[in-house]
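Chains as they are written, first to last, in our numbering: chain A, 1 to 153; chain B, 1 to 153; chain C, 1 to 90; chain D, 1 to 90.
No lab work stands behind these hints: they were computed from the structure. Treat the numbers as computed from the prediction; the structure is a model and nothing was measured. Heads up, the beta-carbon is just placed ideally off N, CA and C, and yes, glycines get one too. Check before you lean on any hint, since a few could be wrong.
[To be verified] Interface residues of chain B toward chain A, partial, derived using beta-carbon atoms under 10 Å:
| # | residue |
| --- | --- |
| 1 | Ile11 |
| 2 | Asp20 |
| 3 | Pro21 |
| 4 | Val26 |
| 5 | Gly31 |
| 6 | Arg34 |
| 7 | Asn37 |
| 8 | Gly81 |
| 9 | Ile85 |
| 10 | Ala88 |
| 11 | Arg99 |
| 12 | Phe103 |
| 13 | Asp111 |
[Stated by the list, open to error] Now the stretches of chain A that chain C is said to cover, found in silico as 3 or more residues with beta-carbon under 8 Å:
| # | region |
| --- | --- |
| 14 | 46–56 |
| 15 | 112–126 |
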Amino acid sequence: MLRLTREPIRIDDLLSAVGDPAAGAVVLFVGTTRDHNDGRRVERLEYEAYPGMAEKEIERIAEEATARWPIARIAVVHRTGVVPIGDASVAIAASSAHRADAFAAARFTIDRLKELVPIWKKEFFDGGAVWIGDQTGRDGSWQEPAVVKGSPS
Amino acid sequence: MLRLTREPIRIDDLLSAVGDPAAGAVVLFVGTTRDHNDGRRVERLEYEAYPGMAEKEIERIAEEATARWPIARIAVVHRTGVVPIGDASVAIAASSAHRADAFAAARFTIDRLKELVPIWKKEFFDGGAVWIGDQTGRDGSWQEPAVVKGSPS
Amino acid sequence: MTIRILLFASLRERTGERALTREVAEGTTAADLLAELRRDLPALRASGRISLAVNEEYCEPERLLRDGDEVALIPPVSGGRGCLQRERSE
Amino acid sequence: MTIRILLFASLRERTGERALTREVAEGTTAADLLAELRRDLPALRASGRISLAVNEEYCEPERLLRDGDEVALIPPVSGGRGCLQRERSE
Numbered sequence: 001m002l003r004l005t006r007e008p009i010r011i012d013d014l015l016s017a018v019g020d021p022a023a024g025a026v027v028l029f030v031g032t033t034r035d036h037n038d039g040r041r042v043e044r045l046e047y048e049a050y051p052g053m054a055e056k057e058i059e060r061i062a063e064e065a066t067a068r069w070p071i072a073r074i075a076v077v078h079r080t081g082v083v084p085i086g087d088a089s090v091a092i093a094a095s096s097a098h099r100a101d102a103f104a105a106a107r108f109t110i111d112r113l114k115e116l117v118p119i120w121k122k123e124f125f126d127g128g129a130v131w132i133g134d135q136t137g138r139d140g141s142w143q144e145p146a147v148v149k150g151s152p153s
Numbered sequence: 001m002l003r004l005t006r007e008p009i010r011i012d013d014l015l016s017a018v019g020d021p022a023a024g025a026v027v028l029f030v031g032t033t034r035d036h037n038d039g040r041r042v043e044r045l046e047y048e049a050y051p052g053m054a055e056k057e058i059e060r061i062a063e064e065a066t067a068r069w070p071i072a073r074i075a076v077v078h079r080t081g082v083v084p085i086g087d088a089s090v091a092i093a094a095s096s097a098h099r100a101d102a103f104a105a106a107r108f109t110i111d112r113l114k115e116l117v118p119i120w121k122k123e124f125f126d127g128g129a130v131w132i133g134d135q136t137g138r139d140g141s142w143q144e145p146a147v148v149k150g151s152p153s
Numbered sequence: 001m002t003i004r005i006l007l008f009a010s011l012r013e014r015t016g017e018r019a020l021t022r023e024v025a026e027g028t029t030a031a032d033l034l035a036e037l038r039r040d041l042p043a044l045r046a047s048g049r050i051s052l053a054v055n056e057e058y059c060e061p062e063r064l065l066r067d068g069d070e071v072a073l074i075p076p077v078s079g080g081r082g083c084l085q086r087e088r089s090e
Numbered sequence: 001m002t003i004r005i006l007l008f009a010s011l012r013e014r015t016g017e018r019a020l021t022r023e024v025a026e027g028t029t030a031a032d033l034l035a036e037l038r039r040d041l042p043a044l045r046a047s048g049r050i051s052l053a054v055n056e057e058y059c060e061p062e063r064l065l066r067d068g069d070e071v072a073l074i075p076p077v078s079g080g081r082g083c084l085q086r087e088r089s090e
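Assemble the whole structure, with the sequences as input and the hints as a guide.
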């Protein structure tokens, strides 16, 4: 289960997806919408994705996690569109025979996802809205684009 | 929510228990009954607890996790009695503003729990049963008891 | 060569464009295209870091474009940790 | 002094006892009690490491027992990682 959805994320579906009689450990990460950020009171979040590429990147990251740790199964679901406070925007589940591997794979997957998957978060607060990560250079000048080092294998 | 139960563990209850609008990250660990161990095919597991002490130790570990990391809430449920293959025997959920803390607290809590909480696991396999961890000394002789260093603060 | 360009999130809002089509010369690289775009779309100049993807895959700036390529301009993703870097360990 | 003793898991099964009551002399420590028990209950001698708890808390072997104490003999717990060690960092 590796996908984007516009519906509320059903955690049970992820846990079922990684269930495996050979796996003694399941680690689940859920990212939820906080009611504050940078001292602002957040009203809601909205996520926009580049759908085809986002799903490809999620698959690639899941493959990488599976290659690095002896995990049984992995599931990743990211919600797009408006996500109310307290709701899950992203959920990742990994199962393995031993807990160290499940923890490592889940942690790796959410870190990579936040870094690489083309999904953007717009924060709506009292008095405005901002795209998270969209900071301009200090002097407003153009910065060289950050390009990707090393193409995937 | 820090407790023992003889009923199936309801993961949704743990997730609800740690839900907090100020927490952007939830990490859940679920330990399930594997169908094999040490090359044996496992039929079922049975957990026995020293109930009063087990709950006290769980509370102590949760307090320690809360003191060490800025977590919002933590939940720990351990099942006792017969646990069929694939069912959860233990579940831990921790929520926090940032994911690194939720991961660290959940990992710490399950590691400490497995080390300290007086709950014992009996493995039933084809042709026998064994209490996990109950290895006698190599020569069958008496070993000095492992005593606890440093009393809790 | 005809190139399709996609803009997302802050870049989409600032430029008012979700998708563009441009004709470019043979030998144009991804970086060349981005330079052309920032010349023509002043809104892009005030943006922070932008990464590039060709046909749904992150690319190097010197990547040569081909007719029919889909180029995406990718502002920092939701992790908000600054620039994108694929640091594959393999 | 009257001491209540609890046995769990493999210790309970081997000895056939879940709980015992013993009279001990003033000045008896937890370790003394364990030594007495292994003298009287041969099944305990074949067991691996045993930790001790008094009144639902892990204790040092030199802990002096008091009338009415509940002493638990604790075989390795379900983590199966060998002996119990509380290594509090504070």
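A quick look at each hint next to the structure:
{"no.": "1", "hint": "Ile11", "verdict": "holds, 6 Å"}
{"no.": "2", "hint": "Asp20", "verdict": "holds, 8 Å"}
{"no.": "3", "hint": "Pro21", "verdict": "holds, 4 Å"}
{"no.": "4", "hint": "Val26", "verdict": "holds, 4 Å"}
{"no.": "5", "hint": "Gly31", "verdict": "holds, 6 Å"}
{"no.": "6", "hint": "Arg34", "verdict": "holds, 4 Å"}
{"no.": "7", "hint": "Asn37", "verdict": "holds, 8 Å"}
{"no.": "8", "hint": "Gly81", "verdict": "violated, 18 Å"}
{"no.": "9", "hint": "Ile85", "verdict": "holds, 6 Å"}
{"no.": "10", "hint": "Ala88", "verdict": "holds, 8 Å"}
{"no.": "11", "hint": "Arg99", "verdict": "holds, 6 Å"}
{"no.": "12", "hint": "Phe103", "verdict": "holds, 5 Å"}
{"no.": "13", "hint": "Asp111", "verdict": "holds, 8 Å"}
{"no.": "14", "hint": "46–56", "verdict": "holds (count 6)"}
{"no.": "15", "hint": "112–126", "verdict": "holds (count 10)"}
Comparing the model with each numbered hint stated earlier shows that hint 8 is the single one that does not hold.
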